[in-house]
Amino acid sequence: MTSALSGEHMASRVKEKYPESIEESTSEYLVVKGDSLLNVARYLRDTDDLKLDFFNYVTAVDYYSYFEVVYQLTSTVHNHSIVLKTRCHDRDNPSVPSVVSLWQGADLQEREIFDLMGIRFEGHPNLKRLFLWEGFQGHPLRKDYLS
Amino acid sequence: MTTSEIMTLKTEPFILNFGPVHPSTHGVYRMRATLDGEVILDIEPVVGYLHRGVEKLAEERTYTGFIPLTDRLDYISPMSNNLGYCLAVEKLAGIKVPERASYLRVIMAELQRLANHCVAVGSFLNDAGAYFTPFMYTFREREKIVDLFDMVCGQRLTYNYMRIGGVSQDIPEEFLPAVEKLLDQMSRFIEEYETLLKQNEILLVRSKKVGILDREIAINCGISGPVARASGVNIDLRKTDPYCVYDRMEFDVPVGEIGDCYDRYRVRVEEMRQSVRILRQAIRDLPSGPAKADVPHLIRPPAGEAYMRIEAPKGELGYYLVSDNSIAPYRCHVRPTSLINLSALRDMVKGWKVADLIIIFGSIDITMGEVDR
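Protein chains in written order, with our numbering: chain W, 18 to 164; chain R, 24 to 396.
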């Protein structure tokens with residue numbers, strides 16, 4: 018059975034290394050600040066007793082006042098997983114760092130989020146729409162699309 | 024001017040579009056391939072021709088109302104899509120499923136795996152150049168499984184059989200004897216494919232050591248399912264993160280050695296054998312009782328979120344649901360196995376020839392309905 022790592026426990030560990038990186042933590046997930054996302058992700062992936070090396074998926078949710086980008090990571094070595102999140106409050110020009118440099122599997126998924134939710138992934142090597150055509154107006158998965 | 028300077032031919036890379044409508048692309052998929060003569064330098068996937076906005080549609084439907092749309096994601100294996108979604112809603116709402124329903128779900132999911140691998144193996148050999156003969160063989164068996172699904176839910180392609188809390192209706196009397204008959208035939212048919220293909224020289228030459236996917240790249244790209252296992256990633260969610268009643272079943276997880284096209288084909292054939300094993304156990308142990316929990320049509324799961332994943336025939340299929348305590352999901356994200364399994368295609372085809380591109384792409388086994396959603 019894949020065990021879920023507690024976000025609070027992970028937060029206290031991450032804080033030792035990157036003190037200013039955590040925004041919120043609950044038993045279910047860990048929310049990190051956008052500017053330390055890459056550091057925390059690299060720490061989770063490369064630390065020996067964590068080894069969260071398998072990138073399950075990334076998706077985004079529109080909560081009106083902010084966008085939440087959700088990452089799920091699993092360890093192929095220890096069979097545990099964690100939900101990592103980051104938030105962007107700037108609705109007009111939301112952006113988070115791209116994790117393609119850490120996980121190649123994020124490439125197409127980040128393009129999908131950029132396409133449908135309109136979040137920019139800074140540092141993505143080829144950030145353009147994935148499903149919809151160039152010149153399409155708007156981002157359909159946003160809650161205020163069509164209103 | 025020396026002779027060698029005259030003899031050096033200057034070539035320039037050129038771009039060739041495969042698809043979107045091309046027999047080898049298994050749907051409407053386009054590959055922009057940069058070629059140097061016949062050698063592939065780079066490819067870029069162009070997708071979206073089948074994009075229907077399924078995730079947006081989910082936000083406007085009730086939890087139950089989204090089940091028929093999951094059929095249309097990976098339309099080669101709709102039962103698995105149904106199952107993954109229903110499990111996710113049950114996890115979100117904390118619904119307990121009767122034991123009989125869990126067994127029935129395992130039976131359907133394994134029959135679906137057999138049907139999917141029949142298509143995967145058949146179309147893989149099609150891409151290898153054995154036009155339609157093996158395809159017709161494997162479709163003969165798939166047809167029988169489709170008939171079985173027709174028996175339980177009255178549909179041949181979009182089953183819509185699973186419900187939140189169980190399955191839509193119990194199986195008819197004649198179903199189990201028919202499955203047993205199929206399993207007896209199936210073992211024989213798998214041997215038949217093996218006799219025809221396992222040592223087939225053309226298949227060996229075309230697929231051995233072609234399109235090798237390294238274990239590290241497979242993990243880094245998030246590749247799952249038979250493709251990952253062929254590369255030596257020993258992860259099968261039925262074992263490592265069991266759901267339904269898979270923890271009570273005895274079966275082996277076939278793993279490949281070097282991760283070439285041939286290994287991927289071998290892993291699938293071996294998985295078919297294991298599915299037959301699981302089906303025999305599930306039929307033997309099938310308990311009596313209700314096939315569906317008492318769940319109302321309109322449910323309001325408590326506010327929160329859940330991610331549930333299953334081992335679909337193509338790999339890890341997951342649903343991420345966010346609830347705001349209303350009758351429709353606030354957000355429903357499908358973890359698309361097919362799209363993510365394509366992430367490593369570029370690494371797999373670089374340096375190979377155009378003819379190999381077709382067979383490497385075919386060996387991944389994707390469905391465009393799931394890539395584009």
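Errors might be hidden in some of the hints.
[Said to hold, decoys possible] Each pair of labels, with its calculated beta carbon distance range: (1) R:L39 - W:S29: 51 to 59 Å; (2) R:D237 - W:Y35: 29 to 37 Å; (3) W:E139 - R:D237: 25 to 33 Å; (4) W:D63 - R:L39: 34 to 42 Å.
[Stated by the list, open to error] Derived BS3-like pairs: lysine-lysine, alpha-carbon spacing no greater than 30 Å straight-line: (5) R:K79 - R:K33; (6) W:K160 - W:K145; (7) W:K34 - W:K50; (8) R:K114 - R:K376; (9) R:K315 - R:K119; (10) W:K160 - R:K114; (11) W:K68 - R:K376; (12) R:K232 - R:K262; (13) W:K50 - W:K32; (14) R:K315 - W:K160; (15) R:K315 - R:K167; (16) W:K34 - W:K68; (17) W:K50 - R:K231; (18) W:K68 - W:K160; (19) R:K79 - W:K50; (20) W:K145 - R:K167; (21) R:K231 - R:K221; (22) R:K232 - R:K79; (23) R:K221 - W:K68; (24) R:K221 - R:K376; (25) R:K315 - R:K204; (26) R:K262 - R:K231; (27) R:K119 - W:K145; (28) R:K232 - R:K221; (29) R:K167 - R:K262; (30) R:K231 - R:K79; (31) W:K145 - R:K373.
[Said to hold, decoys possible] Covered, in the sense of this in silico footprint (three residues per stretch, anywhere, with C-beta under 8 Å from a C-beta of chain R), are these stretches of chain W: (32) 26 to 38; (33) 61 to 68; (34) 104 to 112; (35) 124 to 131.
These are computed hints drawn from the structure, not numbers from a lab.
Glycine included, each C-beta is placed from N, C-alpha and C at the ideal position.
Hint check results:
Hint check: L39 of chain R to S29 of chain W, Cβ distance near 54 Å, so the stated range 51 to 59 Å holds. Between D237 of chain R and Y35 of chain W the CB atoms are about 31 Å apart, so this pair conforms to the stated range of 29 to 37 Å. A hinted range of 25 to 33 Å holds for the C-beta pair E139 of chain W and D237 of chain R, which are about 28 Å apart. The hinted range of 34 to 42 Å is satisfied by D63 of chain W and L39 of chain R, whose Cβ atoms lie roughly 39 Å apart.
Distance restraint check for K79 of chain R and K33 of chain R: the Cα-Cα separation of roughly 50 Å exceeds the 30 Å cut-off, and the hinted pair is therefore not satisfied. At most 30 Å may separate the alpha-carbon atoms for a hinted pair to count; K160 of chain W and K145 of chain W meet this at roughly 21 Å. Distance restraint check for K34 of chain W and K50 of chain W: the Cα-Cα separation of roughly 14 Å lies within the 30 Å cut-off, and the hinted pair is therefore satisfied. A distance of roughly 46 Å separates the Cα atoms of K114 of chain R and K376 of chain R; the hinted pair therefore is violated under the 30 Å criterion.
Between the alpha carbons of K315 of chain R and K119 of chain R the distance comes to roughly 10 Å, so the proposed pair stays at or under 30 Å and holds. For the suggested pair K160 of chain W and K114 of chain R, the alpha carbons sit about 25 Å apart, so the restraint of at most 30 Å is met. A distance of roughly 36 Å separates the Cα atoms of K68 of chain W and K376 of chain R; the hinted pair therefore is violated under the 30 Å criterion. Our distance criterion of 30 Å between C-alpha atoms is met by K232 of chain R and K262 of chain R, whose separation comes to about 28 Å.
With a C-alpha separation of about 12 Å, the suggested pairing of K50 of chain W with K32 of chain W holds against the 30 Å cut-off. Taking the CA atoms of K315 of chain R and K160 of chain W, the gap is about 34 Å. The hint is violated against a cut of 30 Å. In summary, the hint linking K315 of chain R to K167 of chain R is supported, as the alpha carbons are separated by about 26 Å, within the 30 Å threshold. Of the pairs offered as hints, the one joining K34 of chain W and K68 of chain W holds, with about 16 Å between alpha carbons and a cut-off of 30 Å not exceeded.
With a CA separation close to 47 Å, the supplied pair K50 of chain W and K231 of chain R exceeds the 30 Å bound. Simply put, K68 of chain W and K160 of chain W have alpha-carbon atoms about 35 Å apart, too far for the 30 Å limit, and the pair is violated. Between K79 of chain R and K50 of chain W the alpha-carbon distance is near 27 Å, which keeps this suggested pair within the 30 Å criterion. With a CA separation close to 44 Å, the supplied pair K145 of chain W and K167 of chain R exceeds the 30 Å bound.
Distance hint between K231 of chain R and K221 of chain R is fulfilled; the C-alpha atoms sit about 11 Å from each other, no more than 30 Å. Between the alpha carbons of K232 of chain R and K79 of chain R the distance comes to roughly 42 Å, so the proposed pair goes past 30 Å and is violated. Taking the CA atoms of K221 of chain R and K68 of chain W, the gap is near 38 Å; set against the 30 Å cutoff, the hint is violated. Between K221 of chain R and K376 of chain R the CA atoms are separated by roughly 24 Å; this keeps the pair inside 30 Å, and the hint holds.
Only pairs whose Cα atoms come within 30 Å are accepted, and K315 of chain R paired with K204 of chain R is accepted, the gap being roughly 26 Å. Among the hinted pairs, K262 of chain R with K231 of chain R is consistent with the structure: their alpha-carbon atoms are about 28 Å apart, no more than 30 Å. Among the hinted pairs, K119 of chain R with K145 of chain W is inconsistent with the structure: their alpha-carbon atoms are about 43 Å apart, more than 30 Å. Between K232 of chain R and K221 of chain R the alpha-carbon distance is near 15 Å, which keeps this suggested pair within the 30 Å criterion.
As the CA atoms of K167 of chain R and K262 of chain R are separated by approximately 28 Å, the hinted pair is consistent with the 30 Å bound. A threshold of 30 Å between alpha carbons decides the hint, and for K231 of chain R with K79 of chain R the separation of about 42 Å lies outside it, so the pair is violated. For the given pair, K145 of chain W sits about 23 Å from K373 of chain R by alpha-carbon distance, which is consistent with the 30 Å threshold. Counting residues of the region 26 to 38 of chain W whose C-beta lies closer than 8 Å to any C-beta of chain R gives 0; at least three are required, and the coverage claim is violated.
Restraint check on the region 61 to 68 of chain W versus chain R: 0 residues with Cβ-Cβ distances below 8 Å, three needed, restraint violated. With a threshold of 8 Å between beta carbons, the proposed coverage of the region 104 to 112 of chain W by chain R is violated, since 0 of its residues qualify and at least three are required. Taking a C-beta to C-beta cut-off of 8 Å, the region 124 to 131 of chain W contributes 4 residues in contact with chain R, enough for the three needed, and the coverage statement holds.
When each numbered hint is compared with the structure, violations occur for hints 5, 8, 11, 14, 17, 18, 20, 22, 23, 27, 30, 32, 33 and 34.
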